[in-house]
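Place chain B on chain A using the hints.
There are 2 protein chains.
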Amino acid sequence: MERVDQLAHERRSAQFDVEAMKVVWAGSKRSLEISDRMARLVASDPVFRKDNRTTLSRKDLFNNTLRKAAHAWKRINELRLTEEEASKLRFYVDEPSYVDLHWGMFVPAIKGQGTEEQQKKWLPLAYKMQIIGCYAQTELGHGSNVQGLETTATFDPKSDEFVIHSPTLTSSKWWPGGLGKVSTHAVIYARLITDGRDYGVHGFIVQLRSLDDHSPLPGITVGDIGTKFGNGAYNSMDNGVLRFDHVRIPRDQMLMRVSQVTKDGKYLKSDVPRQLVYGTMVYVRQTIVADASNALSRAVCIAVRYSTVRRQFGAQDGGAELQVIDYKTQQSRLFPLLASAYAFRFVGEWLKWLYTDVTQRLQANDFSTLPEAHACTAGLKSLTTSVTADGIEECRKLCGGHGYLCSSGLPELFAVYVPSCTYEGDNVVLMLQVARFLVKTVSQLGSGKEPVGTTAYYQRVEHLMQCTCDVQRAEDWLKPSVVLEAFEARAIRMAIACAKNISMAQSPEEGFAALSADLVEAAVAHCQLIIVSKFIDKVQQDIEGQGVKEQLQILCYIYALSLLHKHLGDFLTTGCINPKQGALANDQLRSLYSQLRPNAVALVDAFNYTDHYLGSVLGRYDGNVYPTLYEAAWKEPLNDTVVPDGYHDYIRPVLQQKFRISRL
Amino acid sequence: MERVDQLAHERRSAQFDVEAMKVVWAGSKRSLEISDRMARLVASDPVFRKDNRTTLSRKDLFNNTLRKAAHAWKRINELRLTEEEASKLRFYVDEPSYVDLHWGMFVPAIKGQGTEEQQKKWLPLAYKMQIIGCYAQTELGHGSNVQGLETTATFDPKSDEFVIHSPTLTSSKWWPGGLGKVSTHAVIYARLITDGRDYGVHGFIVQLRSLDDHSPLPGITVGDIGTKFGNGAYNSMDNGVLRFDHVRIPRDQMLMRVSQVTKDGKYLKSDVPRQLVYGTMVYVRQTIVADASNALSRAVCIAVRYSTVRRQFGAQDGGAELQVIDYKTQQSRLFPLLASAYAFRFVGEWLKWLYTDVTQRLQANDFSTLPEAHACTAGLKSLTTSVTADGIEECRKLCGGHGYLCSSGLPELFAVYVPSCTYEGDNVVLMLQVARFLVKTVSQLGSGKEPVGTTAYYQRVEHLMQCTCDVQRAEDWLKPSVVLEAFEARAIRMAIACAKNISMAQSPEEGFAALSADLVEAAVAHCQLIIVSKFIDKVQQDIEGQGVKEQLQILCYIYALSLLHKHLGDFLTTGCINPKQGALANDQLRSLYSQLRPNAVALVDAFNYTDHYLGSVLGRYDGNVYPTLYEAAWKEPLNDTVVPDGYHDYIRPVLQQKFRISRL
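Protein sequences appear in the order of chains A and B. Position 146, counted from 1, in the first sequence is what the working numbering calls 146; the numbers after and before it change by one each time, with no gaps. Position 367, counted from 1, in the second sequence is what the working numbering calls 367; the numbers after and before it change by one each time, with no gaps.
Looking at chain A on its own, in the form it has when it is part of the complex (with noise of 0.2 angstroms):
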C-alpha cells in the first residue's frame, strides 16, 4: 500500500547530501551498490520474508530457515554471485543458521590451521558445500578456558588413528551452531594425547553425520540443546550437544599446521609460527566490530524514526503534541548511540586496515606488533558489543511501550544480539586481557622497549601525567587536541595508578586479581580512546559532500563528550579535567544535541537500510507507524477466533461458578 512520507518534513530539513553520507556509511561507492543491490534482492524475494518469524514454533521456525538457506545459496549458484555478494546476500537474509559457522568458522578453521594438503582436501568440498561443517570448541563445562577442555584425543599407532572421547559428562561439547541438526563434519577441540603424554588442545576434523541419510555415525550422540533467549532470534539456529564414545578418526584428520603427529605417535612443532593464530582472530574479531555497528545503528534508526513520529504531552491551544525526538532527555539517551554507531562504523573500517597491517607483517615474521593488534581488537570487540547490546535495549525502551511489541524489531534484534558479548570472548574475560597488556606496556617504561600503535600515546607519559586542561569556554571542547588529550591523560593515569597499586601486592599475580575489576575500568578508558581518536581521524580526512564533514563533526564531538559526561569520576579523580570544564563539557554536549536534532532522521537513512531489513513497524521509512501496527495486531492467530479457545474450558466455568469444587 502506498502512503504519504510522514517524515518528509524531518528530510527536508536536513542540512547535508544524505546520499553521499550513504558512501562515507559503506565505506565506498562500490560498497553502497553491491550492498544496496543484496538487499534490494532479498527484500523482493518472498522466501526471504521474517515478519512471521516470532509466531512460528520452534520446528517451523527451524524449518524455515534451512528453506531459506537453500534458497540463497540456490540463489547464489544461480546468479553466480561473487563472494562478496553472497557474503551481503547472506548479511541481509538476517536469520542466524548454519551458514554462518560453515563459512564462519569451519572454512578459515581449516584455512588457518590445515596444512597445504588438508586445505587441498577439504576447501573444495566446504566451498561447494558438499559437506556441511561446524566449530566444535566449547563444552558442558569449559567455555572461556580453552585450555581445560576435556574431550580427548587418543592416537592409536596400530591403526593409525586417533580415539576422540567424552570422558566425562561436563566434557560434552555444548553450544556449537549448525551442530544439532545440520552438520556433516566439525572441527572439534580436544585433548591431544600420544606417547602418554597430554599435549593440550588441538583441533580435529571429525565427520559427525551420514553423506547417505544424516544420520549421526557410530559413537556420535547428537542433538539440539533447547530454547534460546527470543522469540525467533537465535533459535533458527542448531546450537548443539556431542558426545563421543571412541570415535575413530585417521590421523590425517589433526589439523597439522602448527604442530603434527608421525605415525609413530611423535609429537611434532612445525616451523610455521604459533602466532598465525591471532591473524585469525584479529580477522574474527573486526567482523564482529563492524556487526556492532550494524546492529546499534538497525536500533538507532527505529528509535530515531519513531522518536519524531510519536507526540506526547506539550501540546498548546489544542495543536499536536510534542514530538518525542524534542525532549532532552531522550536526545541525550539516543543521540549518543547514533554516534557510537558510526564510531563503531568508523573504527571497524580502521580494523580491517589493521588485520591487512598484521598479515602483512606475519607473511615477513614480524611479530612485533602482534601483542598490541591482539589486546586492541580484544578490548574493542568487547567494548563495542558491549554498548551496542545495552544500546539496543535502550533504544527499545525510548520507543516506549510499543517498543515491546515484537513488531517493533527490537526484541528480536536484542534477543539475537546479546550472544555477542559472551562468545568469541567473554567481554570481562577480553577486558582483562587488555589490561594485562597495559600493565605490562607500563612496566616496560623507560625500558627502551618503544609502545606502539594504539599505545603510541603511552611514549608521552611524562608529558601526559602532569598536563592539565585548558578548556575555559564550553566551545573550547570542539578541539580535537584538547579531546585527545584528556582521554589519553585519563587512560595512562587510570593504568598506572593500577600498576602502583598491583605493585603493592604480595605478589603480582594476587595484585592483578584483587585489583581486577578497577583493571577492567582502566582496559575501557583504553578502548574508549581508541575509538575516539579513530573517529577524530576519519573526520580530519577529505570527505565528500555537501555537509557531510560537519555532520560527522557533530557525531564525533557528541562521542566523546558523552563518554566524558558518563565517566566524570574518572576524569576528575586522575585531575585531567576540573570540574567546571566537566560542566562545560555537558553544556557543550547540550548545544550539539540541537545541532544533531534537524540532521537525526537523515543521518539514520544513510544507513540505507530497507524495511525488510529493519524488519520495524515502528522504524519504518515512511513512518507509517500506527495504521501499520493496528493492521499487524489481526495477523496475531489468537486473533484467528473472536472467542478464544479456552473460554469453554477455562473463562465460563469461572464467570458461572461452576467448577466441580469439593468444599464450597
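Take these hints with a grain of salt, some might be off.
[Claimed, not checked] Calculated cross-link-like contacts (lysine-lysine; reagent style DSSO-like; alpha-carbon spacing at most 27 angstroms):
hint: 1; chain 1: B; residue 1: Lys500; chain 2: B; residue 2: Lys449
hint: 2; chain 1: A; residue 1: Lys566; chain 2: B; residue 2: Lys328
hint: 3; chain 1: B; residue 1: Lys328; chain 2: B; residue 2: Lys352
hint: 4; chain 1: B; residue 1: Lys128; chain 2: A; residue 2: Lys658
hint: 5; chain 1: A; residue 1: Lys566; chain 2: B; residue 2: Lys449
Quick caveat, the hints were computed from the structure, so don't treat them as lab data. Keep in mind that this is a model prediction, so the values were computed, not measured.
For chain B alone, kept in the frame of chain A given last:
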C-alpha cells in the same frame, strides 16, 4: 531424582542464621509461613508446572494460562484461602494473566473512583469473578500523557446515556492486559463531553462481551495486539486493542466519586477531594517496588548459585578450576545487585508504612505530605524498576553462555520484567516529576514552608552546602553518618545547581526543558539517598538472629559505596568528597566483597525460593546444574527426530548439488 547438595560446603561456611534472615526478608514470621506454604502448594501441583512455557505456541501458552487461572481460582475457593493467601498463591503461579488486571486494576479503580452505590453494585460481582474486568486507559497514540486521550464519552440527555466512541485510529485502546480475549468488562477512560463542553478524561464502566457466549457486544471491536518480547513471558497475557463505534452505556456507569453528570447533563464536582486518587497511586507503586525486589532477588539467586558451581581458569597442578564467584570482576558486578535486592526489599517495606500514613492523613483531610509522598513513590518506582531490569540482564551475562538458554530462567525473567520500566508511568517521565518537585522544594527554601519526609534533609541546606567529608582511612566509610551526609550533600547540591541553571534561562519552563537530562540525574541522586537512608534505618533496628545484623550491615555499605563508586563524578563535581576519599571508598568496597563472599549462597537461600518458582536449571538449590542441563536438552521438540524434518527438502539438495538451477 535425589542428588547430592553441591552447595553444602557453601552453606556450611555461612556466618549467620539463615532461618532468621528468612524472617527478615519475608517481613515477619507469619508472612514467611504463608509465603512458604503457598509456594509449596503451587510447586506441588502439576497444573502449575511451567518448565514447558518457552516451547509452547502462543495459542497453547495462552490456553494453558487460562487453565492455570481457573485452577488457581478453584483451589482458592476449595481451600477457603484468605485474601492474603490467595494473593500469594497467584504470585507463585508466576505467569502474567487477566487475573492480575482484574484484581490489581479493575477492582481498585472501582473502589477508588466509584460512589458507594456503584461499589455496592459492581464489587460483589467482581469479587466472585462473575464479571472479569480490565483497565483500558492507554491508546495507540497516547501513553504517558493521559490528558491527550482521544476516546470520547458524549452524554445524551434524551436517553440518559453516554455514547462511547473512538473517533480516530490513534484513539484505539491499545495495551490493556486481559482486554484482548478475556475481560467481560472494562474501566475505560474517555473525554467526558456534555452540554457541548469537553471536561477532560474520566473513567467509565463498560461491558465488552456477552455474559452468555463471550462474543463482543455491538459496536465493539476487540482483539489481541500480537506477540511481545520473550518466549513465554508476557505472551500469556492478552494485551488488547479496542475500538468503540458509538457504544451506549447508562449514565450511572460513569465512575462518579469525584465528579458526576446529572440527568440533565450538568457536570458537577463532588466534595470528595481529587487528591484521593494519589492515595491509590502510592499503593500501586509500593507494590511495584516490592515486585522489583522479588524479580531482582530471583535473578541474583540464580547468578550467585551458578557462580559457585561454575569453575573456570586458575587450576593449579591439575586441580579444580577456580569458582567463578571468587573472581573480583564477578563480585563487583554481582554483589552490588545482591545488596540492591535487599535494599529494595527494605525500602518497599517502608513504602507500605508510607501508604498507611498517607491514607490516615487523607482520611483526616491532611494533604500536606501528599506531594512529597507522590514524588517519592514516583522516583522509587522509576529507580528500582530500571535497576532491576538492567540487573536481571547483568545476572544473565554473569551466567555466561548458559544464561542465554531459556532453561536458565533468566531470559524469561528479563522479558517478563522489562515492561515495568514503562507501565504505570514511564521511568523518565516519573523522574522528571521528582525533579520538578525538588526544584520547587529548592525554590521554597527560606520561605518558611518546611521540607517534609524524604526531603527533610533540605532543612539542613546551609550545612549540607558547605560540609566536607572527613574520611581519612578506608574504615571511616563504615560510619552511617558519614555515608548519609555524603549522599545528602550530593543530592542537594545537584538539585540546587540545576535550580540555579534554570533560573538563568529565559523562562523556568524553557530552563527546565533544556536541563531535563541533568534534572533526571539530580532526581536519581535524591532517590538513591532515600534507599540508602532507609537501609541504614533498617540496620539500626533490633534484628534477631545470630550474625544477621552483621550481614545486613555489609550489604548496606556495599549498596551505598558501590553507588558512590558508580556516580563518583557527581560526588567529586559537587565537592562532597575528594578523589582520595573516592579511592578509599573503593578500597573499602573490595574488602566488603571479601567479607560477603562466604555468605553469598546463604544470603540468597534466605529468599526462600522453591526451584519451581525460580524456574532455573542454573539456580537449582542443590547446584546439580550440568546433569540437569543435559537432560533438559533432550526435551527440545527439535530432538523428536534424529534427522530433522527439513533434511530431504532443504539439506540433502544442498549437499548433493541437486537444485533445479537455471544457469549452472
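Hint-by-hint comparison with the structure:
no., hint, result
1, B:Lys500 to B:Lys449, "holds (20 angstroms)"
2, A:Lys566 to B:Lys328, "holds (23 angstroms)"
3, B:Lys328 to B:Lys352, "violated (36 angstroms)"
4, B:Lys128 to A:Lys658, "holds (12 angstroms)"
5, A:Lys566 to B:Lys449, "violated (36 angstroms)"
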